[in-house]
Amino acid sequence: MISQQEITLKPRRRGFHLITDEILNYIPELKNVTAGLVHIFIKHTSASLTLNENADPAVRSDMEKYFSRLVPEDASLFEHTLEGTDDMTSHIKTSILGTSVIIPIKNGKLNLGTWQGIYLCEHRNHGGPRNIVITIIGE
Amino acid sequence: MISQQEITLKPRRRGFHLITDEILNYIPELKNVTAGLVHIFIKHTSASLTLNENADPAVRSDMEKYFSRLVPEDASLFEHTLEGTDDMTSHIKTSILGTSVIIPIKNGKLNLGTWQGIYLCEHRNHGGPRNIVITIIGE
Amino acid sequence: MISQQEITLKPRRRGFHLITDEILNYIPELKNVTAGLVHIFIKHTSASLTLNENADPAVRSDMEKYFSRLVPEDASLFEHTLEGTDDMTSHIKTSILGTSVIIPIKNGKLNLGTWQGIYLCEHRNHGGPRNIVITIIGE
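Those sequence lines, one after another, are chains P, L and G.
Using this note's numbering, read the first sequence as starting at 1 and increasing by one per residue.
Using this note's numbering, read the second sequence as starting at 140 and increasing by one per residue.
Using this note's numbering, read the third sequence as starting at 279 and increasing by one per residue.
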């Protein structure tokens with residue numbers, strides 16, 4: 001069984017955002033899957049998806065602080081800066097963090113660890129809505 | 140055909156560890172799969188999985204040296220440090236390296252390159268056992 | 279339906295290369311897939327795959343500049359340097375960027391965002407041909 005849909009998430013401010021519950025709301029068919037995988041894919045090059053700690057909001061703000069330091073908005077380093085100093089840095093962060101997460105499904109639920117949640121990582125200062133494709137392969 | 144199981148790997152010291160053979164021991168059903176994919180997923184936010192060189196142990200120690208330098212344990216950078224200076228840094232390394240690897244299956248075997256092996260990356264100083272979900276989708 | 283093949287891409291100079299069209303040429307069967315996933319996997323530890331901006335070539339050269347700065351070829355940092363200063367750095371970049379990309383398939387086409395393309399990231403100075411496994415799971 002394969003099910004697939006495309007959704008649009010509302011614009012979010014720059015930073016790391018926990019979206020597990022929002023994603024789950026879109027896939028009620030999950031409860032019919034005994035075993036399988038869900039692939040969540042972001043159709044952009046300036047925002048990414050990752051899995052990380054779902055409890056302390058300081059993890060998300062520390063992630064933003066760290067990655068903004070790791071990929072500094074120093075125009076002298078980059079040629080691709082037409083859209084601003086957050087343009088090329090967003091592309092780089094996207095490739096470091098990745099454009100998809102894949103999570104096992106077991107007995108109708110995401111089989112995440114206790115502390116794992118899905119993060120949308122918005123790297124642009126003004127990012128706009130983000131399109132996501134969710135594909136479930138299971139039985 | 141979908142097969143899925145959850146296993147627990149014994150605690151390992153901080154660093155990068157080659158676990159290909161240990162994973163293979165858990166999936167004897169691989170030999171019945173002509174073509175497909177195996178998804179290996181770690182249910183944690185302070186340890187990760189990656190593919191890298193399976194021969195020289197110095198690659199693993201160089202990886203540990205590099206990533207510990209890339210994400211320094213400098214408490215002044217982070218707010219989320221309740222569990223120690225290796226807490227937030229472990230979350231960051233997990234998102235950089237990723238929580239799953241997906242490998243093609245061909246004629247009953249993992250279709251890895253000659254030099255590729257599966258690494259468990261333990262980012263905590265005292266990490267405990269690690270839970271892994273292995274999902275095979277194939278025919 | 280599962281289809282799988284192994285291809286060899288010609289040697290490329292060190293840097294980031296857009297290979298979307300080349301990959302598409304190898305998978306004409308894509309047009310028969312209504313919904314599914316394609317997994318593209320590189321069988322190497324010194325080259326990687328990622329998704330990023332498909333338009334401005336400066337994104338690719340900025341990526342090369344950035345990652346070469348992020349992982350400096352400083353022999354004093356690494357033990358695994360038998361094959362040169364670009365040896366261990368290539369392994370590290372491979373684990374940061376990843377060895378596979380997974381893209382949704384919809385109505386016979388890759389469901390990529392407008393600006394997304396597939397990059398081959400060649401991290402070695404003289405990398406040789408690169409082997410890629412393409413697996414399609416769909417219906």
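Among these hints, one or two may not hold up.
Examples of chain G residues lying across from chain L (beta carbon under 8 Å, computed) [to be verified]:
| # | residue |
| --- | --- |
| 1 | Leu302 |
| 2 | Asn303 |
| 3 | Ile305 |
| 4 | Ser354 |
| 5 | His358 |
| 6 | Ser378 |
| 7 | Leu388 |
| 8 | Ile414 |
If you want the ones that stay clear, here's a sample from chain P, every Cβ over 12 Å from chain G, calculated [what the hints assert, rightly or not]:
| # | residue |
| --- | --- |
| 9 | Lys43 |
| 10 | Glu64 |
| 11 | Glu79 |
| 12 | Gly98 |
| 13 | Arg130 |
Treat the hints as calculated values from the structure; they're not laboratory data.
Owing to the predicted nature of the structure, the values given are computational and were not obtained by experimental measurement.
Backbone N, C-alpha and C fix where the C-beta goes; we use that ideal spot for every residue, glycine too.
We went through each hint and held it up to the structure:
no. : hint   : in the structure
1   : Leu302 : violated (19 Å)
2   : Asn303 : violated (20 Å)
3   : Ile305 : violated (14 Å)
4   : Ser354 : violated (11 Å)
5   : His358 : holds (4 Å)
6   : Ser378 : holds (6 Å)
7   : Leu388 : violated (17 Å)
8   : Ile414 : violated (10 Å)
9   : Lys43  : violated (3 Å)
10  : Glu64  : holds (18 Å)
11  : Glu79  : violated (4 Å)
12  : Gly98  : violated (7 Å)
13  : Arg130 : violated (9 Å)
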